[in-house]
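Number of protein chains: 2
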Amino acid sequence: MRAEIAEQPGVLGAAVERRGALAPVAGRVRGFAPRFALFAARGSSDHAALYAKYLTEVLLGLPSGLVSPSTTTLYGARPDLSGVLHVTVSQSGGSPDLVEATRSARERGALTVAVTNTPGSPLAEVAELSVDIGAGPELAVAATKTYSATLLALYLLVDAVRGGTGADVADLGELAASALAGSEGPVAEAVTRLRFVDRVVTTGRGYSSATAAEAALKLAETSYLSARSYSGADLLHGPVAAVGADTAVLAFTSAGRGGAAMEPVLAAVREAGADVVAVGSAAAEVPAAVRVGVPRTAEEVAPILEVLPAQRLALELSLARGGNPDRPRGLNKVTQTR
Amino acid sequence: MRAEIAEQPGVLGAAVERRGALAPVAGRVRGFAPRFALFAARGSSDHAALYAKYLTEVLLGLPSGLVSPSTTTLYGARPDLSGVLHVTVSQSGGSPDLVEATRSARERGALTVAVTNTPGSPLAEVAELSVDIGAGPELAVAATKTYSATLLALYLLVDAVRGGTGADVADLGELAASALAGSEGPVAEAVTRLRFVDRVVTTGRGYSSATAAEAALKLAETSYLSARSYSGADLLHGPVAAVGADTAVLAFTSAGRGGAAMEPVLAAVREAGADVVAVGSAAAEVPAAVRVGVPRTAEEVAPILEVLPAQRLALELSLARGGNPDRPRGLNKVTQTR
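Residue numbers (our numbering), protein chains in the order written: chain A, 1 to 338; chain B, 1001 to 1338.
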């Protein structure tokens, strides 16, 4: 896991270099002129899909939704999907339920795109179009480089569809290296503070909701923490009742509208007595016990950087608690869900 | 909270009696012939919306998604929503972000429906069509009767749109009374077992995914438990690593395809050493430490019954742990999110 976290600046930089390969896929999507986008994914890829949902609605002006594969695989639902862009996101490209949901979507008229790290996978075979994440083999059970590379692939695809030039991610490799280098000290400080924690809540708003969900999953997978994730808005809607002096809050706050909207959330959890670790390009500007800054980018690119310290925190916290983040109990790389 | 839990058989029975009032709304939806459905909600209502997403895809054959209100309220996204059915679900009908998201959806061509317990609320005013949940005033901060009544209103609306007769819920009031009466003993047994628990995972598949999410929220709100919810499929995809002998699993398993698909999930959490409390009409048939049965219904109706023991569990567990479920810390009834 440590080695794969460190590979990310190179993986991201190389993917930006290869962005021209997305042009044919983006051209097909534009020609199809979708009215609606649907994303199918599980686990970490589902958080990448949540990020892509925001990109699609805000940058492309297309309504979109996350697929519940089981409506197709369990209940046999066959909605008419003509005019629908159906994007399936899967590192392995091997989960039977996602392959089946994609095949079924294509039969029902959707333009199907597979976003996967495994060219030639069953998923890439069944989808009409395919995007290679290009992260290289991932051996660690907890996804790290495939997560950030998936976010970038989805961003580059959306950017290409809108006719962008990729300018906002031109330096992403260097920025990722800087984010990792700069996070070492603050993450060590956070690990010291959180070593004995039982209750963790992760939260963010807008694009960073996806980062909060992914951070909670990494902490659950590697440190066996019962970490819960909420969008900042949903947290205020009820679950803040479960936040108290015995709770650590990992709050993602990057420069932009999502970060700004975190202000009342941060005020509420501080009032509840929680220990707050703030992560993101706006972390330096908020009251928190530990602040983990990352370089500032366009707001829609921020999730690709702000997840890096969260991955490192999951790794180091697992080690500090006597765990082995590369051998989490009960976990396989490809889940055979139906 | 106790009084409002007990009111549910009456509330549900009365709502079934009044189902004819939905005919004009259903007629408008049929006439509109939507191509997609979008649901906007927060908190408990968001879990009701997840249930409605399954109903819409399976029973109406319409693709659907859950709205992230912040793409509109924070980022100003204005996707074209012509041909889209936009359903906003809110007990209070007062959350500014939901009112704004609904107003914006209507301006962009969606047919907007408000499902609310507050006729005349800002939400009901701004939506083109309105459905009254009719649960009566809810004083407890943790939503109970408005949740089950919202599920039923959404079911009755979908059933009316498909031209159904409501036959599958004709006896729902009596069944709810039976579910509550039958749960008293098993819930007391579960409270005894779970009194000192720190780690709770709730899980279900298909329609019951919504129940799992709602149960986790109730436990978080009333007992300050760090309860996490996963669809059974997502749980196997990674977070099962955080399940061990120190974990209680609240598993929803009702007769039907969703309950049947819980088999590998139950096997995995038992193998991990978790203490399993099974709830639902198929609970008697699965290996579990405690089984809380409810009457059998059509699978798509099961979430309305299976949530009742979960609400009672949240209430009784809070009391057993010295809490006051009617005065949860840090919680307000209407959240002013933007």
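FYI, nobody ran anything at the bench for these hints, they're computed from the structure.
Treat the hints with care, since some could be wrong.
Where chain B lies over chain A, by a calculated footprint (3+ residues, C-beta under 8 Å) [what the hints assert, rightly or not]:
1) 9 to 22
2) 224 to 235
To be clear about the criterion: a stretch of chain B counts as covered by chain A if any three or more of its residues have a C-beta under 8 Å from a C-beta of chain A, and this derived list gives those stretches [unchecked claim]:
3) 1029 to 1039
4) 1077 to 1091
5) 1161 to 1173
6) 1255 to 1265
Think of the CB as a built atom: it goes at the ideal place given N, C-alpha and C, for glycine as much as any other residue.
Status of each hint after checking the structure:
Counting residues of the region 9 to 22 of chain A whose CB falls under 8 Å from any CB of chain B gives 0; the rule of at least 3 is not met. Counting residues of the region 224 to 235 of chain A whose beta-carbon sits less than 8 Å from any beta-carbon of chain B gives 8, enough to reach three: the coverage restraint holds. A stretch counts as covered by a chain when three or more of its residues have a beta carbon under 8 Å from one of that chain; for the region 1029 to 1039 of chain B and chain A the count is 3, and the coverage holds. For the region 1077 to 1091 of chain B, the stated coverage by chain A holds: 7 residues have a C-beta nearer than 8 Å to a C-beta of that chain, and at least 3 were required.
For the region 1161 to 1173 of chain B, the assignment as covered by chain A is violated, since 0 residues bring a beta-carbon within under 8 Å of that chain's beta-carbons and 3 are needed. For the region 1255 to 1265 of chain B, the stated coverage by chain A is satisfied: 3 residues place a CB nearer than 8 Å to a CB of that chain, which reaches the threshold of 3.
Going down the numbered hints, you'll see the structure goes against 1, 5, while the others check out.
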